Amino acid sequence: MKLFKSSTPEQQLESLRSLKCEVECTAEHIQPKAGKAKVDVCRVEGPQETKKVADKIIAGQTPTPSEVLNYFNAELKKRICFLDGGMGTRIQAEKLEEADYRGDRFKDFNELDVNGVPVSLKGNNDLLVFSKPEMVKDIHKEYFTAGSDICETNTFNGTTVSQGEYKMQAVVYELNK
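Going left to right, the sequence shown walks through residues 337 to 513 as the numbering used here numbers them.
Wrong hints could be hidden among the right ones.
When the alpha-carbon atoms are kept at most 27 Å apart in a straight line, the in silico BS3-like pairs for lysine-lysine are as follows [as the list claims (entries may be wrong)]:
hint: 1; residue 1: K392; residue 2: K414
hint: 2; residue 1: K513; residue 2: K356
hint: 3; residue 1: K431; residue 2: K443
hint: 4; residue 1: K477; residue 2: K458
hint: 5; residue 1: K503; residue 2: K458
hint: 6; residue 1: K414; residue 2: K388
hint: 7; residue 1: K443; residue 2: K468
hint: 8; residue 1: K443; residue 2: K392
hint: 9; residue 1: K414; residue 2: K477
hint: 10; residue 1: K513; residue 2: K387
hint: 11; residue 1: K443; residue 2: K388
hint: 12; residue 1: K458; residue 2: K431
hint: 13; residue 1: K513; residue 2: K503
hint: 14; residue 1: K431; residue 2: K473
hint: 15; residue 1: K372; residue 2: K413
hint: 16; residue 1: K387; residue 2: K477
hint: 17; residue 1: K468; residue 2: K513
hint: 18; residue 1: K392; residue 2: K477
Per label pair, the in silico range of CB-to-CB distance [claimed, not checked]:
hint: 19; residue 1: I416; residue 2: L448; range: 44 to 54 Å
hint: 20; residue 1: E433; residue 2: K374; range: 45 to 55 Å
hint: 21; residue 1: N446; residue 2: K388; range: 38 to 48 Å
hint: 22; residue 1: E385; residue 2: Q428; range: 32 to 42 Å
hint: 23; residue 1: V455; residue 2: K387; range: 45 to 55 Å
hint: 24; residue 1: G371; residue 2: V497; range: 34 to 44 Å
hint: 25; residue 1: V377; residue 2: A482; range: 26 to 36 Å
Note that these hints are calculated values from the structure, not bench results. No experiment lies behind these values; they were computed from the predicted model shown. Glycine included, every Cβ here is placed at the ideal spot set by N, Cα and C.
Starting from the given sequences, assemble the full structure and let the hints guide the process.
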């Protein structure tokens with residue numbers, strides 16, 4: 337039994353784009369007294385310099401927090417913004433092997449677990465920013481092409497606790513830079 341009608345990638349893209357719509361906040365907001373409360377970042381007003389932010393991103397630079405805040409505050413007043421899809425699921429579709437996770441940088445990695453068994457790096461998706469950065473960029477590009485406004489970093493397990501399972505705590509700082 338078929339539940340969904342088959343569609344082409346182009347039809348799927350058009351369907352996703354048709355979901356984007358104009359929105360307007362009609363909620364009544366209470367303004368705190370000056371200096372009495374923390375600033376609600378969702379209410380910060382500022383110039384939306386889309387071209388400036390886009391140019392920085394294209395040049396491989398990082399927009400300032402205030403530029404990002406102004407951009408999304410303005411956009412979210414106009415429409416619903418879309419977040420990327422599941423990075424881990426998408427990486428699994430690549431059917432990567434141990435060598436893919438190691439790359440050149442970690443090819444000689446030889447740590448042992450508490451039982452004396454060599455630690456495998458397969459499945460440590462966060463390491464792919466070092467070993468397969470072009471693949472990570474291409475996956476983000478796929479999400480942007482499909483209509484995403486935001487792509488999260490590939491650092492779901494970018495903590496010392498998570499990386500400790502792979503004996504890779506030493507890369508956590510660099511991983512999150």
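I want to verify a distance hint. Is the separation of the beta carbons of V455 and K387 within 45 to 55 Å? 46 Å, holds
Between the alpha carbons of K392 and K414, is the straight-line distance 27 Å or under? Holds - the C-alpha atoms of K414 and K392 are around 23 Å apart, at most 27 Å.
**Request:** Would you check the hint for K477 and K458, treating anything up to 27 Å between C-alpha atoms as holding?
**Result:** Roughly 24 Å between the alpha carbons, so the hint for K477 and K458 holds.
Please check whether N446 and K388 have a Cβ separation lying inside 38 to 48 Å. For K388 against N446, whose Cβ atoms are near 47 Å apart, the range 38 to 48 Å holds.
**Request:** With 44 to 54 Å as the target window, see if I416 and L448 comply at their CB atoms.
**Result:** At roughly 49 Å between Cβ atoms, L448 and I416 fall inside 44 to 54 Å, so the hint holds.
Does K468 pair with K513 here, judged by a C-alpha cut-off of 27 Å?
17 Å, holds
* Asked: For the pair supplied as a hint, K513 and K503, is the alpha-carbon distance within the 27 Å limit?
  -> 19 Å, holds
Checklist entry - Do the alpha carbons of K443 and K468 lie within 27 Å of each other, as the hint requires? => result Given pair K443, K468 holds - Cα atoms ~13 Å apart, limit 27 Å.
Satisfaction of hint between K388 and K443, Cα-Cα up to 27 Å = Answer violated: K443 to K388 is near 40 Å, above 27 Å.
Assuming the hint says 26 to 36 Å, is it satisfied by the Cβ distance from V377 to A482 or not? 27 Å, holds
Q) Is it true that the C-beta distance of E385 to Q428 lies inside 32 to 42 Å, as the hint says? A) Given a distance of about 38 Å, which is inside 32 to 42 Å, the answer is holds.
Q. Taking 27 Å as the top limit, are the C-alpha atoms of K387 and K477 close enough?
A. Roughly 19 Å between the alpha carbons, so the hint for K387 and K477 holds.
Taken one by one, the earlier hints fail for this structure at numbers 2, 8, 11, listed in ascending order.
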